[in-house]
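Protein chains: 2
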Amino acid sequence: MGPFSFRVTHHDQRARRGVMTTAHGDVQTPAFMPVGTQGAVKGVTHRDLEQLGAEILLSNTYHLYLRPGDDLIARRGGLHAFIGWPRPILTDSGGYQVFSLAARRTIDEAGARFRSHLDGSEHLLTPEKAVDIQAQLGSDIAMVFDECLAHPADAGSVRQSMERTLRWARRARDRFQAIYAHGGRSQGVVVTNPGQAQFGIVQGGVSRGLREESAQGTVAVGFEAYAIGGLSVGEPTDVMYDMVAHTMPSLPEDRPRYLMGAGTPQDLVEAVARGVDLFDCVLPTRNARNGQLFTSAGPINIKNARYAEDDRPPDPSCSCYTCRTCSRAYLRHLFQTGEINASTLNTLHNLHFYLDTLSRIRDAIVFGRFESFRLAFHESLSRRLHDS
Amino acid sequence: MGPFSFRVTHHDQRARRGVMTTAHGDVQTPAFMPVGTQGAVKGVTHRDLEQLGAEILLSNTYHLYLRPGDDLIARRGGLHAFIGWPRPILTDSGGYQVFSLAARRTIDEAGARFRSHLDGSEHLLTPEKAVDIQAQLGSDIAMVFDECLAHPADAGSVRQSMERTLRWARRARDRFQAIYAHGGRSQGVVVTNPGQAQFGIVQGGVSRGLREESAQGTVAVGFEAYAIGGLSVGEPTDVMYDMVAHTMPSLPEDRPRYLMGAGTPQDLVEAVARGVDLFDCVLPTRNARNGQLFTSAGPINIKNARYAEDDRPPDPSCSCYTCRTCSRAYLRHLFQTGEINASTLNTLHNLHFYLDTLSRIRDAIVFGRFESFRLAFHESLSRRLHDS
Chain A
1 MGPFSFRVTH HDQRARRGVM TTAHGDVQTP AFMPVGTQGA VKGVTHRDLE QLGAEILLSN
61 TYHLYLRPGD DLIARRGGLH AFIGWPRPIL TDSGGYQVFS LAARRTIDEA GARFRSHLDG
121 SEHLLTPEKA VDIQAQLGSD IAMVFDECLA HPADAGSVRQ SMERTLRWAR RARDRFQAIY
181 AHGGRSQGVV VTNPGQAQFG IVQGGVSRGL REESAQGTVA VGFEAYAIGG LSVGEPTDVM
241 YDMVAHTMPS LPEDRPRYLM GAGTPQDLVE AVARGVDLFD CVLPTRNARN GQLFTSAGPI
301 NIKNARYAED DRPPDPSCSC YTCRTCSRAY LRHLFQTGEI NASTLNTLHN LHFYLDTLSR
361 IRDAIVFGRF ESFRLAFHES LSRRLHDS
Chain B
1 MGPFSFRVTH HDQRARRGVM TTAHGDVQTP AFMPVGTQGA VKGVTHRDLE QLGAEILLSN
61 TYHLYLRPGD DLIARRGGLH AFIGWPRPIL TDSGGYQVFS LAARRTIDEA GARFRSHLDG
121 SEHLLTPEKA VDIQAQLGSD IAMVFDECLA HPADAGSVRQ SMERTLRWAR RARDRFQAIY
181 AHGGRSQGVV VTNPGQAQFG IVQGGVSRGL REESAQGTVA VGFEAYAIGG LSVGEPTDVM
241 YDMVAHTMPS LPEDRPRYLM GAGTPQDLVE AVARGVDLFD CVLPTRNARN GQLFTSAGPI
301 NIKNARYAED DRPPDPSCSC YTCRTCSRAY LRHLFQTGEI NASTLNTLHN LHFYLDTLSR
361 IRDAIVFGRF ESFRLAFHES LSRRLHDS
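Chains as they are written, first to last, in the numbering used here: chain A, 1 to 388; chain B, 1 to 388.
Check each hint, because a few of them may be wrong.
The list treats identical chains as one, so a pair stands whether inside a single copy or across any two.
Unchecked claim - Derived SDA-like pairs: lysine to any residue, alpha-carbon spacing no greater than 25 angstroms straight-line:
id : residue 1 : residue 2
1  : Lys303    : Arg105
2  : Lys303    : Leu149
3  : Lys303    : Asn287
4  : Lys303    : Val191
5  : Lys303    : Val219
6  : Lys303    : Arg87
7  : Lys303    : His63
8  : Lys303    : Leu118
9  : Lys303    : Ser121
10 : Lys303    : Gly69
11 : Lys303    : Asp119
If you are wondering where the hints come from, they were derived from the structure by calculation, not from laboratory data.
Chain A on its own, in the form it takes in the complex (with noise of 0.2 angstroms):
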């Protein structure tokens, strides 16, 4: 299928350090995914995340679908093409959008009927259009469409909407296999990367039955690599942990797994113990939106009154152009007279954090010493409590 492989080349207990290569080129795992939603990390530019040393990003297909639409990129030639990017970007299938996002969406095994949040125009978003838009797309990595559900949900819906998941899996393999055999013509998609592929994602809620039962599925169909969705969605950590850790022994080895949408640095590493390999999440970009920095020493609040004569910077174990070059009582003043740059500079600082916490995870697996990195790890971040 393509050019996408993957490579795991140390283990350290169920930690592993590997290589995914892509369409655009190869991605050092365990790896993090900065969210650049609608084709943008909101506040830093390409060179600043190429700079941070960010070798893939996340982008999503509801938004783009919506504004400016696949129809549109898939004439610029792909989604590289439009934004300028020219390094591995997976994107998400909109499920989790539409059921967080869309307004009026109704759902049946066809898909998920929805109005647009932006123009209330309506759309029918099905396994097969996911593919297709993302097939216009072109993005290196195309996720299936897959049924969100709330957390809490009772056993019950949690058995069905897994259930309905695999079948759209089913029918998202198999309309990814007809566009890609046949070059995507016969099926009215302008395929901009043949080498895309797909990545199946694991649901089944809190329940270590139904995640085994989902994963054992989703492989049956068999993509490229797996995920697992439905996680970091409220429910309590050692749960999420547990899910992982209960899920991992029924993917393959021998291909990336990527845990959706965590999370907190503390839970990137422990879900790499678990055995994980990529990760996205917004909170480094959101919080810093937030005015939140996440440090050694735990996450501080720039907003706090306590900043506004404190002259170190925001982490003074920190190597970034932001740590290196502002104090914390400037990066309080940006923040509070409402400055784009305080964006800017607080969104530089946590993807360094992000980034800088994977890579020192992968220097330390190769060491085989993640254990005690985790340890201490956990150790300064607990060192002291910030604000939070």
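Add chain B to chain A, keeping to what the hints say.
Here is chain B on its own, set in the frame of chain A:
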């Protein structure tokens, strides 16, 4: 008076090429100063500004006095340390903002009494107080507090205002000299930049006679250099050019001349032709945030639907980061979706356009071909009418 000096290195008719030396380094003139009202140029980092070749920033006394306060900034060691910009900074006096932003202002011979636009608190800004604030900020160039009139104003008001500005100039200079003769302590002022220079401001509306009188009076007080204020406020362009041309002979040849608040790219070229050395203007930055991009073939408005599928860079002859990596289609998408990055990318381009124009002006003067540059520049800008 400290390290401030100015040396004209080349003449080309009335246009001048020079070097202005300040306590924080040299500025090649003619120079454009990006506006960083609250200690930051909106949408771009200091690193971006250095890469764009900006050598001096303008910052705003009124805003910084109200928030975070000049006392707080003085305790940080001054504005350079607080914002992390080690190069030259010019601060305006706050006069213009008191007249345009503040609520319930009353002006008399003492100064301006007003309420903060932020919290309604009451303040009195006098010529002396404006000196004190700027001494605490520690900018390299402090401007005197002048009275700004709306255009048009009747001849009697313009004369009265011009004469008051002259009396205020005398008071400002006395205060400045007292502070720097005694290190500020006896005046209750923390001097953060002992090498600060002070510029006087010529007023006089659109009257040649009053401009001449104001220039002679201001020069008689004696400042490190002189600015022309109260233009670019709505008067016809040729009237502004005429006022500039008419004021020049009254200003000393060996001091930089600063045209405050101007202007369009054409205005800059025309003012240089009349002997101006320094500029500041919010046009490149503010218009960028509103979607207007300056190009060598005139401005374009990126909001326009015609750019939705336009794969060309904003200005095909431009070498800035935005033009090297972004299409009009992508920039329009970012603007339409309200991404912060639209402001950043548009601002990078517009500031590049302004700073690059000044760089080409300086080269043209050195090689004695400013007149042909000027003609080619205007011809290029009027080549075709874009949307405006």
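A quick look at each hint next to the structure:
1. Lys303 / Arg105: neither (37 angstroms within a copy, 31 angstroms between copies)
2. Lys303 / Leu149: So Lys303 and Leu149 fail the 25 angstroms test inside a copy (34 angstroms) and across (38 angstroms) alike.
3. Lys303 / Asn287: within (12 angstroms within a copy, 29 angstroms between copies)
4. Lys303 / Val191: Intra 46 angstroms, inter 29 angstroms, cutoff 25 angstroms: neither.
5. Lys303 / Val219: neither (47 angstroms within a copy, 46 angstroms between copies)
6. Lys303 / Arg87: neither (35 angstroms within a copy, 28 angstroms between copies)
7. Lys303 / His63: between (30 angstroms within a copy, 19 angstroms between copies)
8. Lys303 / Leu118: Answer is between; shortest inter-copy Cα gap is 17 angstroms, intra-copy 31 angstroms.
9. Lys303 / Ser121: Answer is between: at 22 angstroms across copies they meet the 25 angstroms cutoff, but 39 angstroms inside does not.
10. Lys303 / Gly69: Between copies only: 17 angstroms across, 37 angstroms inside.
11. Lys303 / Asp119: between (35 angstroms within a copy, 18 angstroms between copies)
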